[in-house]
Amino acid sequence: SQQGEEDPQALSIQEGENATMNCSYKTSINNLQWYRQNSGRGLVHLILIRSNEREKHSGRLRVTLDTSKKSSSLLITASRAADTASYFCATIQDAGGTSYGKLTFGQGTILTVHP
Amino acid sequence: DTAVSQTPKYLVTQMGNDKSIKCEQNLGHDTMYWYKQDSKKFLKIMFSYNNKELIINETVPNRFSPKSPDKAHLNLHINSLELGDSAVYFCASSARGRYYGYTFGSGTRLTVV
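So the protein lines, in turn, are chains A and B. Throughout, my numbering is defined as the position within the first sequence, counted from one, plus 4. Throughout, my numbering is defined as the position within the second sequence, counted from one, plus 46.
Same shape as in the complex, but just chain B (with noise of 0.2 angstroms):
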């Protein structure tokens, strides 16, 4: 009965490989969202779906796409992988609107070797 669940929880893999990270929600939150959280804990934004509409795209390379089938599920799909991209990726989601807050997937812990 996990509300927001990410898998993998840990991806190990080399320079060059393509992965993904899948994440679910059962609340029936119109949108969701996908973070970056560095080594030093900072954490930004870098895309949200509302509804399976794409709305919000930070800076993020191309090599990063999302993808999302229905308003329960969000991927996240990384081609040629960089030691750069090592980094907690967390899911979130939230309530359409402004004054909800998010909730968040415990993470996937990413490592490029």
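Just chain A, with the same shape it has in the complex (with noise of 0.2 angstroms):
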């Protein structure tokens, strides 16, 4: 089942602009990871931080990380048109007991950079 929503689903934005994508996820985590994708291509592994975390910085990437309201969110500072791709947050719950985890993706963000 889906772990993640994702809000906003499509986001628009002049370069140089900040990008905020925001996503929820409805079970205890172990981490939470974001990862790009764009047309045609596969994903590419961006940030994770740990449930112990609150905020984690990646150059330009900066991801923050409330279980309380179990939500993060993902802020691109900025903005390239070369940012221009699909945004995916996704979860590995907190089962315990085993050292492996299945990694539950949200709905994803689209995000488009206007030159």
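Treat the hints as calculated values from the structure; they're not laboratory data. Treat the hints loosely; a few may be bogus.
[What the hints assert, rightly or not] On the chain A side, residues computed to face chain B include the following (Cβ under 7 angstroms):
# : residue
1 : I17
2 : Q37
3 : N42
4 : I53
5 : A86
6 : I96
7 : F109
8 : G112
[Claimed, not checked] Simulated crosslink set (SDA-like; lysine to any residue; CA at most 25 angstroms straight-line):
#  : chain 1 : residue 1 : chain 2 : residue 2
9  : B       : K68       : A       : A86
10 : A       : K106      : B       : G74
11 : B       : K86       : A       : V48
12 : B       : K90       : A       : S28
13 : B       : K86       : A       : S16
14 : A       : K74       : B       : A133
15 : B       : K87       : A       : T88
16 : B       : K82       : A       : L52
17 : A       : K30       : B       : F88
18 : B       : K90       : A       : P12
19 : A       : K106      : B       : T59
20 : B       : K90       : A       : R84
21 : B       : K90       : A       : Q97
22 : B       : K86       : A       : A82
23 : A       : K30       : B       : F110
24 : B       : K55       : A       : N42
25 : A       : K106      : B       : P112
26 : A       : K106      : B       : D116
27 : B       : K87       : A       : N26
All values reported here derive from a predicted model rather than from experimental measurement. Built from N, CA and C at the ideal position, the CB exists for glycine as well.
Build the complex: two chains, separate frames, hints provided.
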């Protein structure tokens, strides 16, 4: 079943602006990950945030996690036309007992950055 | 030097046929996965193998059968293809453990006519 709901479903901005995408999930998680998918391509892992972390940065990406609200946000600063893609959040549940988990994806946000 | 490679990239076939998709990873990862992405871009896990052992088997028709000859390969065989099987199928791999991102292949677009 689908774990994450993403908001907005589509986002259109101008180059240089910041883009914020939100993700909500239903169950207790071990970690949350964000992926990018360019049109017709595979998914690329962007960043992973553990359940005991609240914020993480990687280059122009900033991810926050609020486990009390079961939500996360991805902020892309100073966007570029090349950032145009679909962005997915995905979670690994905190099932315990095993060393591997099942990555469950949200619906995705389609980001369009106009030059 | 592609990390996760899938073949073929495109597959067009008639209903009722049997087809296979191959996947190979050269990252030394222990765990491999098959995901299905539908026309609305929703990604759903189908199978996962850890070092050749099946560890995740979602509710997938019996017509789908994964095979892992070694930990670097995970193939997907589909029998008696149906129109509803049309989708993009992604192979992925990850290191063992929960705190690792997945590396995805570029996908196989399957069209059943």
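Check: Is the shortest C-beta separation between F109 of chain A and chain B less than 7 angstroms?
Finding: Given a least distance of 4 angstroms, the restraint on F109 of chain A holds.
Notebook entry, point to check: Given the proposed pairing of K90 of chain B with P12 of chain A, does the C-alpha separation stay at or below 25 angstroms?
Noted result: holds, 20 angstroms
Margin query: Run the distance test for K82 of chain B versus L52 of chain A: straight-line Cα separation, threshold 25 angstroms.
Written below: holds, 22 angstroms
Next item on the list: Would you check the hint for K90 of chain B and Q97 of chain A, treating anything up to 25 angstroms between C-alpha atoms as holding?
Entry: Given that 25 angstroms is the threshold and the Cα spacing comes to 15 angstroms, the pair holds.
Margin query: Between the alpha carbons of K86 of chain B and V48 of chain A, is the straight-line distance 25 angstroms or under?
Written below: Judged against 25 angstroms, a Cα distance of about 19 angstroms means the pair holds.
Notebook entry, point to check: Taking only the CA atoms, is the gap from K90 of chain B to S28 of chain A under or equal to 25 angstroms?
Noted result: holds, 17 angstroms
Notebook entry, point to check: Is the hint on A86 of chain A kept, meaning its closest Cβ partner in chain B is under 7 angstroms away?
Noted result: Status violated, d = 18 angstroms.
Checklist line | Status of the hint placing I53 of chain A at chain B (closest C-beta pair under 7 angstroms) | finding: This hint is violated: I53 of chain A lies away from chain B, its Cβ roughly 10 angstroms from the closest one there, beyond 7 angstroms.
Item checked: Interface hint for I96 of chain A, Cβ within 7 angstroms of any Cβ on chain B -> With Cβ-Cβ at 5 angstroms, under 7 angstroms, it holds.
Checklist line | 25 angstroms limit on alpha-carbon distance, applied to hinted pair K106 of chain A and P112 of chain B | finding: holds, 17 angstroms
Check: Taking only the CA atoms, is the gap from K30 of chain A to F110 of chain B under or equal to 25 angstroms?
Finding: Roughly 29 angstroms between the alpha carbons, so the hint for K30 of chain A and F110 of chain B is violated.
Item checked: Holds or violated: K30 of chain A to F88 of chain B, with C-alpha atoms at most 25 angstroms apart -> holds, 17 angstroms
The structure is inconsistent with the numbered hints 1, 3, 4, 5, 9, 14, 19, 20, 22, 23, although it conforms to all the rest.
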